[in-house]
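Colleague: Listed below are the residues making up each chain.
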Amino acid sequence: MEELRHLRRWAAVLRVLTIVAMVILVLALVYGILFAVLPDGLRRAARLVPETSLSGPHRAAVALVGAVPGFAMLYVLGRMADLFGLYAGGEALSPACARNIQRIGVGLLAAVALELVARPAQIALVSLANPPGQRVLSISFEGADLGQILAAGLLITIGWTQREAARIARENEGFV
Amino acid sequence: MQTMQIVVRLDVMLARRKMTSRDLARQVGITEQNLSLLKSGKVKGIRFETLARICAALDCQPGDLLEAVAKP
Chain A
1 MEELRHLRRW AAVLRVLTIV AMVILVLALV YGILFAVLPD GLRRAARLVP ETSLSGPHRA
61 AVALVGAVPG FAMLYVLGRM ADLFGLYAGG EALSPACARN IQRIGVGLLA AVALELVARP
121 AQIALVSLAN PPGQRVLSIS FEGADLGQIL AAGLLITIGW TQREAARIAR ENEGFV
Chain B
1001 MQTMQIVVRL DVMLARRKMT SRDLARQVGI TEQNLSLLKS GKVKGIRFET LARICAALDC
1061 QPGDLLEAVA KP
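Chains as they are written, first to last, in our numbering: chain A, 1 to 176; chain B, 1001 to 1072.
Source of the hints: derived by calculation from the structure; they are not laboratory data. All C-beta atoms, glycine included, are put in the ideal place defined by N, C-alpha and C. Where hints are given, some of them may not hold.
List time: in silico SDA-like cross-link candidates among lysine to any residue, alpha-carbon distance up to 25 Å [unchecked claim]:
id: 1; chain 1: B; residue 1: K1042; chain 2: A; residue 2: E173
id: 2; chain 1: B; residue 1: K1042; chain 2: A; residue 2: T52
id: 3; chain 1: B; residue 1: K1039; chain 2: A; residue 2: A169
id: 4; chain 1: B; residue 1: K1044; chain 2: A; residue 2: A165
id: 5; chain 1: B; residue 1: K1039; chain 2: A; residue 2: E173
id: 6; chain 1: B; residue 1: K1071; chain 2: B; residue 2: F1048
id: 7; chain 1: B; residue 1: K1042; chain 2: A; residue 2: E164
id: 8; chain 1: B; residue 1: K1044; chain 2: A; residue 2: E173
id: 9; chain 1: B; residue 1: K1044; chain 2: A; residue 2: A92
id: 10; chain 1: B; residue 1: K1042; chain 2: A; residue 2: L93
id: 11; chain 1: B; residue 1: K1042; chain 2: A; residue 2: S140
id: 12; chain 1: B; residue 1: K1044; chain 2: A; residue 2: Q148
id: 13; chain 1: B; residue 1: K1044; chain 2: A; residue 2: A28
id: 14; chain 1: B; residue 1: K1044; chain 2: A; residue 2: A166
id: 15; chain 1: B; residue 1: K1044; chain 2: A; residue 2: I168
id: 16; chain 1: B; residue 1: K1044; chain 2: A; residue 2: D82
id: 17; chain 1: B; residue 1: K1044; chain 2: A; residue 2: R163
id: 18; chain 1: B; residue 1: K1044; chain 2: A; residue 2: G174
id: 19; chain 1: B; residue 1: K1042; chain 2: A; residue 2: E91
id: 20; chain 1: B; residue 1: K1044; chain 2: A; residue 2: R170
id: 21; chain 1: B; residue 1: K1042; chain 2: A; residue 2: V106
id: 22; chain 1: B; residue 1: K1042; chain 2: A; residue 2: R167
id: 23; chain 1: B; residue 1: K1044; chain 2: A; residue 2: A88
id: 24; chain 1: B; residue 1: K1044; chain 2: A; residue 2: V176
id: 25; chain 1: B; residue 1: K1039; chain 2: A; residue 2: R163
id: 26; chain 1: B; residue 1: K1039; chain 2: A; residue 2: F175
id: 27; chain 1: B; residue 1: K1039; chain 2: A; residue 2: E91
id: 28; chain 1: B; residue 1: K1039; chain 2: A; residue 2: A92
id: 29; chain 1: B; residue 1: K1071; chain 2: A; residue 2: V176
id: 30; chain 1: B; residue 1: K1071; chain 2: A; residue 2: E171
Label pairs and their computed distance ranges (CB to CB) [to be verified]:
id: 31; chain 1: A; residue 1: R8; chain 2: B; residue 2: G1029; range: 50 to 56 Å
id: 32; chain 1: B; residue 1: V1012; chain 2: A; residue 2: G89; range: 26 to 32 Å
id: 33; chain 1: A; residue 1: D145; chain 2: B; residue 2: R1053; range: 43 to 49 Å
id: 34; chain 1: B; residue 1: N1034; chain 2: A; residue 2: F71; range: 45 to 51 Å
Looking at chain B on its own, in the form it has when it is part of the complex (with noise of 0.2 Å):
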């Protein structure tokens, strides 16, 4: 089986809407440096809960801000 990883595409989604990473995690309520980890991939996880706000305050669904890709 190929091995996956996650890739977030935050920074996409952020240029579409036109929004900084600032206002962004002022209306998330996570610090910067912690959606700056978030956007970079440097980060264990997401709870579900941060996922939700950052959707909400972006418009969009997980599947817009998360994707799968086979490891190199």
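Only chain A is shown next, with the shape it has when bound in the complex (with noise of 0.2 Å):
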């Protein structure tokens, strides 16, 4: 019973946390589509020449390229959100649960499927800047893409546990 009135409220503090980054993200993936400049490393991996510039349409397009993972973030941080709130509710156990967890899992694979292609896509996009012949596609896999898989692979396992976990405390409830 004192377990589950801590979680209820780790899960309030957490959820609420939860809802601040999205918020934050949201800001910067607006801020990052219509602002912010070319980084150094996207002008270097896409080797432009230092003293050309991109216009603002080319430079938006590039930076709503790489924001696309960050969509899959916003939509792990939703589910994030949904099963914080379920906790704090003092549902701990319910398939509901499972399936946000495995929703989490989902959606940091998407966001790591989607980082993988948005890179190399933002990278031809700044390119195209460069006259042809110099326009460069490069592919690249870091080991953070790799913790991120086997996290979102934890996820969905664990998902799959906590939905073997609620069908038992179903069935618990109906003892007495």
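Take each chain as given, in its own frame, and dock them per the hints.
Modeller: Now the structure itself:
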């Protein structure tokens, strides 16, 4: 009972933090698309001549492509807020919790997949400012991507076990 | 093989002991609602722990409370 009270309190705090993170992410995405300058790393990866500058719509298109994984993260945060909301309401072992955990995992997996596609797409898009013959397509896979894939896989697995736990909990409720 | 079902005869034992459901629920440590569900057979099962406490409160054996009858 004491643990459930801790869980509810902790989840309520995390829910607020998650919602704050969502708001910050939305603002960052909008700012990134509308106002942000082209990152140096991206300029280097696209082998952009230093004096070349991209037009506003071109730069916004690059930022929009880069923001796509952010939308997946927004979905993940939304599901996290739902999950923490359920926990805060005292619902710990329910099919709804299991569903949310699995969706968080799937969302993280989608975010990695989109990141893997968005990065090369951004570089290719930036390099369109180069003269023909100097355009670049670069594909990369980082350790952090693997870590995120493993974390997503772990969450999907936990979601499945949570489904089983929810089934047992429901069955247990039928006993006096 | 004939299909059987378990029927709870708690009402009979409560009447014999002249005890109310409320008193029994309090002595056993379960809610009246759960005891009512148990009496009407609307539960999936009963824990040995609960059964033992009911037997102690009513001074009876599990066989006095549960009966296997043929399913209609």
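Colleague: Does each hint fit the structure? Answer for all of them.
Modeller: Going through the hints against the structure:
no.	hint	result
1	B:K1042 - A:E173	12 Å, holds
2	B:K1042 - A:T52	77 Å, violated
3	B:K1039 - A:A169	22 Å, holds
4	B:K1044 - A:A165	17 Å, holds
5	B:K1039 - A:E173	16 Å, holds
6	B:K1071 - B:F1048	24 Å, holds
7	B:K1042 - A:E164	23 Å, holds
8	B:K1044 - A:E173	9 Å, holds
9	B:K1044 - A:A92	22 Å, holds
10	B:K1042 - A:L93	22 Å, holds
11	B:K1042 - A:S140	60 Å, violated
12	B:K1044 - A:Q148	42 Å, violated
13	B:K1044 - A:A28	53 Å, violated
14	B:K1044 - A:A166	16 Å, holds
15	B:K1044 - A:I168	12 Å, holds
16	B:K1044 - A:D82	31 Å, violated
17	B:K1044 - A:R163	20 Å, holds
18	B:K1044 - A:G174	5 Å, holds
19	B:K1042 - A:E91	24 Å, holds
20	B:K1044 - A:R170	11 Å, holds
21	B:K1042 - A:V106	39 Å, violated
22	B:K1042 - A:R167	19 Å, holds
23	B:K1044 - A:A88	29 Å, violated
24	B:K1044 - A:V176	8 Å, holds
25	B:K1039 - A:R163	31 Å, violated
26	B:K1039 - A:F175	13 Å, holds
27	B:K1039 - A:E91	28 Å, violated
28	B:K1039 - A:A92	29 Å, violated
29	B:K1071 - A:V176	23 Å, holds
30	B:K1071 - A:E171	23 Å, holds
31	A:R8 - B:G1029: 50 to 56 Å	25 Å, violated
32	B:V1012 - A:G89: 26 to 32 Å	41 Å, violated
33	A:D145 - B:R1053: 43 to 49 Å	56 Å, violated
34	B:N1034 - A:F71: 45 to 51 Å	47 Å, holds
Comparing the model with each numbered hint stated earlier shows that hints 2, 11, 12, 13, 16, 21, 23, 25, 27, 28, 31, 32, 33 do not hold.
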